[in-house]
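With the hints as constraints, model all of the structure from the sequences given.
Residue-level listing of the chains:
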Amino acid sequence: MMNDLLELTTTRHNPHVDPIMAMWEWQIPVYLFLGGMVAGMMIIAGYFLFSGRHKESNCACFSIPTISIVLLSLGMFALFLDLSHKLYVWRLYTTFQFKSPMSWGAWILILVYPALIANILIRPSAWMLKIYPKLTEYAGRLNQHPFLIKNIGILNMILGLMLGAYTGVLLSSMGSRPLWNTSLLWVLFLVSGLSAAAAFVHLFAKNKAESELLAKADNGFLVIELFVLVMIFLGFLSSARPHIEAAQLLLTGAYAPVFWVFVIGLGIVIPLIIQLLAVNHKIRHTAIAPIMVIVGGLILRFVIVSAGQYSHWFNAHFH
Amino acid sequence: MNSLSRRKFLKISGATIATAAVLASSAKSIVNAAENVTKKNGLQIIPSYCDLCFWKCGLLAYVKDGKLWKVEGNPKDPLSNGRLCPRGTGGVGAHYDTERLKSPLIRKNLRGEEKWVEVTWNEAFDYIADKMNKMKATYGPEAMALFSHGIGGNFIKHLLRAFGSPNETAPSFAQCRGPREVGFELTFGDVVGSPERTDIENAKCIVLIGSHLGENMHNTQVQEFSHAVEKGASIIVVDPRFSVAASKAKYYLPIKPGTDMALLLAWMSVIVNEKLYDADYISKYGNGFEQFAAEVSQYTPEWAYIETGIDPELIRETAREMVRYKPATLIHPGRHATWYGDDAQRSRAIALLNALMGSWGRKGGFYVPYSYSIPKYPYPSYPELMKEPLDNPNGKYPFATGEQISTGIREATITGQPYPIKGWFIYGTNLMQALPNRDETIKALQNLDLMVVVDVIPSEIAGWADVVLPESVYLERYDDLNASPFREGFVGIRQPAVEEPNDQKPNWWMAKKLGEKLGLGAYFPWKDIEEYLDIRLKLAGHSLTEIKKEGIIKGPKKPIYYDNGVEPEFLTPSGKIEFYSTQLAKAGFDPVPRYTKHPEPPVGYFRLLYGRAPVHTFSKTQSNPILADLMSENEIWVNADLAEKYGMKTGDRIKLKNQDGVISDPIKVRATERIRQDCVYMVHGFGQKSRQLRSTYKKGASDAELVTKYNTDPLMGGTAMNVNFVTFEMEV
Amino acid sequence: MPRYGMVIDTRKCVGCQDCVIACKTENNVPVGYNRDWIVTESHGKYPNIQMEIRTERCNHCSETPCVSCCPTGASHIHDVGGVVLITHEVCIGCKACVQACPYDARFIHPDGYADKCTFCIHRVEEGLKPACVEVCPTYCMYFGDLDDPNSEVSILLQSRKWHVNLPDAGTQPNIFYLT
Ligand SMILES: Nc1nc2c(c(=O)[nH]1)N[C@H]1C(S)=C(S)[C@@H](COP(=O)(O)OP(=O)(O)OC[C@H]3O[C@@H](n4cnc5c(=O)[nH]c(N)nc54)[C@H](O)[C@@H]3O)O[C@H]1N2
Ligand SMILES: Nc1nc2c(c(=O)[nH]1)N[C@H]1C(S)=C(S)[C@@H](COP(=O)(O)OP(=O)(O)OC[C@H]3O[C@@H](n4cnc5c(=O)[nH]c(N)nc54)[C@H](O)[C@@H]3O)O[C@H]1N2
Ligand code: SF4
Ligand code: SF4
Ligand code: SF4
Ligand code: SF4
Ligand code: SF4
Ligand SMILES: [Mo]
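One line per chain: the protein sequences are A, B and C, in this order.
The first sequence runs 2 to 320 under this note's numbering.
The second sequence runs 162 to 893 under this note's numbering.
The third sequence runs 624 to 802 under this note's numbering.
None of these hints come from the bench; they were simulated from the model.
A few of these clues could be false.
What the hints assert, rightly or not - Derived Cβ-Cβ restraints for the label pairs, each shown as a range: (1) Lys207/A x Ile700/C: 39 to 45 angstroms; (2) His711/C x Leu82/A: 17 to 23 angstroms; (3) Gly221/A x Ser793/B: 55 to 61 angstroms; (4) Glu730/B x Pro20/A: 55 to 61 angstroms; (5) Ala288/A x Ile824/B: 56 to 62 angstroms.
Unchecked claim - With a straight-line cut-off of 27 angstroms between C-alpha atoms, the simulated BS3-like cross-links for lysine-lysine are: (6) Lys784/C x Lys392/B; (7) Lys537/B x Lys719/B; (8) Lys747/B x Lys737/B; (9) Lys678/B x Lys666/B; (10) Lys411/B x Lys752/C; (11) Lys237/B x Lys752/C; (12) Lys392/B x Lys752/C; (13) Lys668/C x Lys829/B; (14) Lys784/C x Lys228/B; (15) Lys151/A x Lys135/A; (16) Lys417/B x Lys668/C.
Claimed, not checked - Derived list of chain C stretches under chain B, where covered just means 3 residues or more per stretch with a C-beta under 8 angstroms from a C-beta of chain B: (17) 667-679; (18) 751-764.
Here a beta-carbon is modelled for each residue, glycine too, at the ideal position from N, C-alpha and C.
Below you can see the structure in the form of structure tokens.
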């Protein structure tokens, strides 16, 4: 058969499937982003708890867990909005599907909440104490056991890792969408989640040292993220045709402008440069770079979710 | 006028004698529908036959808890073999169509403005009867003409015959298969008929000249075609467009449109010159072969190449391929044959090529069909006709036999010659899409005193009516019996499976009620159609109760080939297959077909071709929600290189402008390798402009609207429509 | 235990969509949605064209990403014939399975749950053929037990050349196309 001048037509016209898969709209990328960022936050906070440095990291350890709960809940609400058979959502928790990343995710989320609450309990905010004064007592007892705190840190790190990885695995397990079908996607989402979380702390930490520290960490994460992206694309480009075409979608195709400008340029490279200059005290720290990183992380999820649905095993799209 | 097909007619209607005796015993009871159906947990299965096209396949309607669920083929039915075509399967949508006509309508303002007053049936009939009586008094009953397509029209036809009008027509002759029937009748003394008597199933070589089986979904033909493909039949397809059938073919001949006659002549010359024909058959049954052979031998494949663009070697090779399988070589006669104006002659050439194969009357060629004869209802005889039909004054088209020329009646309505036509009764035909040159149709109907349209939806033609009568769809009504000529004799019944959703009524009821208003009650002696059907069936030794059970009664098997007992009979002047036609010579036409060159499109213009899509029938299914879901608009097929030249991509919307400046509605481009560069193609029936039929309004473009030009076949008055040229209008 | 599959003779299929309509009426597939559909694939330059017409639907794969990704177990493999089914009352409409199918064979029913071809299991369990197979006017579709070497489908696969859709996707589809 001649491969040139191929004409493909299909009579199928299912909504959100044809001509291009668009089943997942804004809710899923938002959920993946918030999940990823919360995962990053948990790892960062967990690390400080674990290494016993939580006293110096006010923001990371004492504001972030509360914020995480809010963000995660928002993310889960976005996910809930996406469900098209909402009344049946409880079905998630009457079963555990070993092979289903989404089932794993559902159960991980169930564990994440207590871990975050435990984290909060270490030093509840003033408004919490006002509502529920007894918390002072609990926190006091908890703080008498550094061993417990260490373990809460470990728990947060592990669950954060799982949560962050899960946001990537959810997509990468879909062999059907070549763009998602890379074993590095979870690394990408994890690193990007860490970087967004670090940027968040960098942005909001009142303590200058803490802010500075997280900016440095963020620079590390951004570099790793770039490296992971390069690895992913190298993987695709040396793979089969559907994967090459999937990579081209981002590199040169329909999604290239958003990808290069918003994800790579404004989302990674430019804030990296700014923050490098800042940590080396060439310029002052401003809110711009971390905001760029956070927004870039969100756009990355949008691009990956949308382009992934576009990428396909057929080498031509139907008309 | 010649009398070719009238003789055939006489043969069929012999059995009316035993009538009276049977009548006496039949008057008893007619059992109601419920007893005749299979019942299983709220499920009823009612056998009937399809009306989504004229093939009339037997069906089973499934009704679940009183609601129509689905229709399947009736396995007992020889036409469907238990499998309907896509339109038939989607027939449920006709019942559920939300845009159906719901009550009788009378026009409020000007014709064609589509402003109506809803009236009762009684008011509508009073209005019509009053006008018809006045017309009869002033002009005579023949001033009322009937356009009726499909078996549903039988009772309306009866009404108008009883009224005294001889003018009754359909687009099935002059816009469809008329030229073919005439070409074959001139050659073999008999028509191909419908369903076609083609023995596709047993053919070892099938030649399709534009017959796009697989898109043209005439059920039995498609089924048989598939069996033939499976058995490895050699398929040769001649089409300017790479049709679905072409994709199954061993040989695809990408012919320049309008040059098929050259190809046919070249094929015949190869076969004659190389003496490859069935000499036995020809010497037994043929007449005038020598003159024919001498005439066609001059057309070399090299000559034909210049006309058709088909490689001479390919012409030779395919000619020999056909010969290899004779007599089981079927050169398909096509059906919609009104293409270029020399269509009866082209069809005759196809008939002659078949004659060379010896395929007429032979297995794998054309079988000899027969029908199960059911006597007519013993009506009182019709009033004496005061005037001849006026579709073909003075035998202007000397070989127009069988049916009347629709466009002839239209012309007479415009000119008032040879006598005035003042009323059109229109049943089941959308003349706006079916007849060429819409302006002439509109001009004619503006001359009318009365225009009645019986339809199921507010079709385009209904929009021009004075009175619109809403009919029940086929799944809701009884109709006349179907006893089509076929491989085996059978009779099928149409019976209601569900009730009408609103105030729609079946045609038989309309005919009877209106007949009574017109004082023609004596012509409707039956109480209702069940009584009518029962009486007819009793005359044949059956009963309504009996046929309602399975929907089909089969007759005894009979031979259908010359080789197994059918006596060859050629109702031509010579009593033989006329290779050379003295009739034609006498009437001043070519006794052996000749090639006519047809004008080619000017630069920047492309010939407009059209055809069928599997999921639609002409213009009548576009509002069916199920079928519309699969195809809601048509596309214009444009050769990919040509499209690129014009900067058009698949999916772009453009308009088409024809040679007379008529501009179509916007239509999507389909840039494809599957068509030549000198023509474009679209599916017929779209681009409808009935404002009341919103779901179809201007969906796609109408080929009919662009067919302003037509050539008239001098033999039989067929209107050839493949003669229009269009160009692309990019600004939409 | 049978393993149900379909064999489709692309030499006979004319792309008429009768199978699509039969599925719609049999299974009340809503207007605007398709459980099955026609793909026409043509190669070449006029007039030298090869064309394959295929009727497509869920392949009832042996390796089922759509089932393994499902978080609720709504997507499952039926105990008879390896048919891949969805239990509507268990589905939450997360669409993971829709994404996971390389053939895009699934869609979200307007009532919210994921839906697709069921191989007309309700008919098959009554001894009937799937609606699309039963209606096809070209008799190009065959349904049966792939594990039974004497079934019509097995015999066809032994005697004719065939291909499956997207063999590289690793799903091991159970619909085979004769060429
Ligand atoms: N330009 C162009 N013209 C053509 C053709 C073409 O391809 N292109 N094809 C030609 C051919 S081959 C033919 S056979 C003719 C066909 O011409 P027509 O027989 O006129 O076909 P339709 O356009 O389908 O119109 C049928 C009408 O019947 C109505 N109808 C449907 N069901 C019922 C029913 O149960 N009862 C009643 N009372 N009405 C019903 C429909 O709504 C519609 O208005 O057209 C011919 N004219
Ligand atoms: N689905 C469906 N099936 C139908 C119908 C329907 O409405 N819908 N209508 C039925 C009726 S009444 C009829 S009459 C038939 C009509 O069906 P057919 O008789 O089979 O076909 P046509 O409509 O005459 O011609 C259409 C084909 O002829 C090709 N063609 C056009 N010009 C030329 C030419 O100059 N030379 C050659 N060799 N080919 C040419 C076109 O490319 C196209 O493939 O279909 C019947 N079957
Ligand atoms: S060919 Fe199709 S539309 Fe025509 S009668 Fe048969 S099933 Fe109905
Ligand atoms: S019904 Fe049969 S011939 Fe028609 S498209 Fe479906 S599989 Fe093909
Ligand atoms: S075709 Fe798709 S939906 Fe069907 S079993 Fe295979 S992967 Fe699952
Ligand atoms: S949409 Fe339903 S069937 Fe599909 S994966 Fe989600 S829960 Fe399972
Ligand atoms: S097997 Fe049944 S559900 Fe599947 S496509 Fe065919 S008709 Fe539809
Ligand atoms: Mo026709």
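query: Regarding the pair Lys237/B and Lys752/C, is the alpha-carbon distance no greater than 27 angstroms?
result: Cα-Cα ~18 angstroms, so holds.
- request: Assess, step by step, whether the Cα of Lys411/B is no farther than 27 angstroms from the Cα of Lys752/C, and give holds or violated.
  value: Not satisfied, since the Cα-Cα distance of roughly 32 angstroms exceeds 27 angstroms.
task: Kindly confirm whether 55 to 61 angstroms is satisfied by the beta carbon distance between Gly221/A and Ser793/B.
output: Given a distance of about 56 angstroms, which is inside 55 to 61 angstroms, the answer is holds.
- prompt: Is Lys747/B within 27 angstroms of Lys737/B, Cα to Cα?
  reply: holds, 17 angstroms
field: Assertion that chain B covers the stretch 751-764 of chain C - criterion: three or more residues, beta-carbon distance below 8 angstroms
entry: holds (count 7)
field: Supplied distance hint 17 to 23 angstroms, evaluated on CB atoms of His711/C and Leu82/A
entry: holds, 21 angstroms
- request: Take the C-alpha atoms of Lys668/C and Lys829/B, compute the straight-line distance between them, and say whether it is at most 27 angstroms.
  value: Measuring from Cα to Cα gives roughly 22 angstroms; hence the hint holds.
query: Has the given pair, Lys392/B with Lys752/C, been kept, meaning a C-alpha gap of at most 27 angstroms?
result: Given pair Lys392/B, Lys752/C holds - Cα atoms ~24 angstroms apart, limit 27 angstroms.
- prompt: Is it true that the C-beta distance of Glu730/B to Pro20/A lies inside 55 to 61 angstroms, as the hint says?
  reply: The hint (55 to 61 angstroms, Cβ to Cβ) holds, given that Glu730/B and Pro20/A are roughly 58 angstroms apart.
query: Given the proposed pairing of Lys537/B with Lys719/B, does the C-alpha separation stay at or below 27 angstroms?
result: Roughly 22 angstroms separates the two Cα atoms, so the pair holds.
- request: Take the C-alpha atoms of Lys784/C and Lys392/B, compute the straight-line distance between them, and say whether it is at most 27 angstroms.
  value: This hinted pair holds, its Cα atoms lying about 16 angstroms apart.
- prompt: Cβ-Cβ distance between Ala288/A and Ile824/B: within 56 to 62 angstroms?
  reply: With Cβ atoms ~60 angstroms apart, the hint holds.
This entry does not satisfy hints 1, 10 and 14, going by the numbered hints stated previously.
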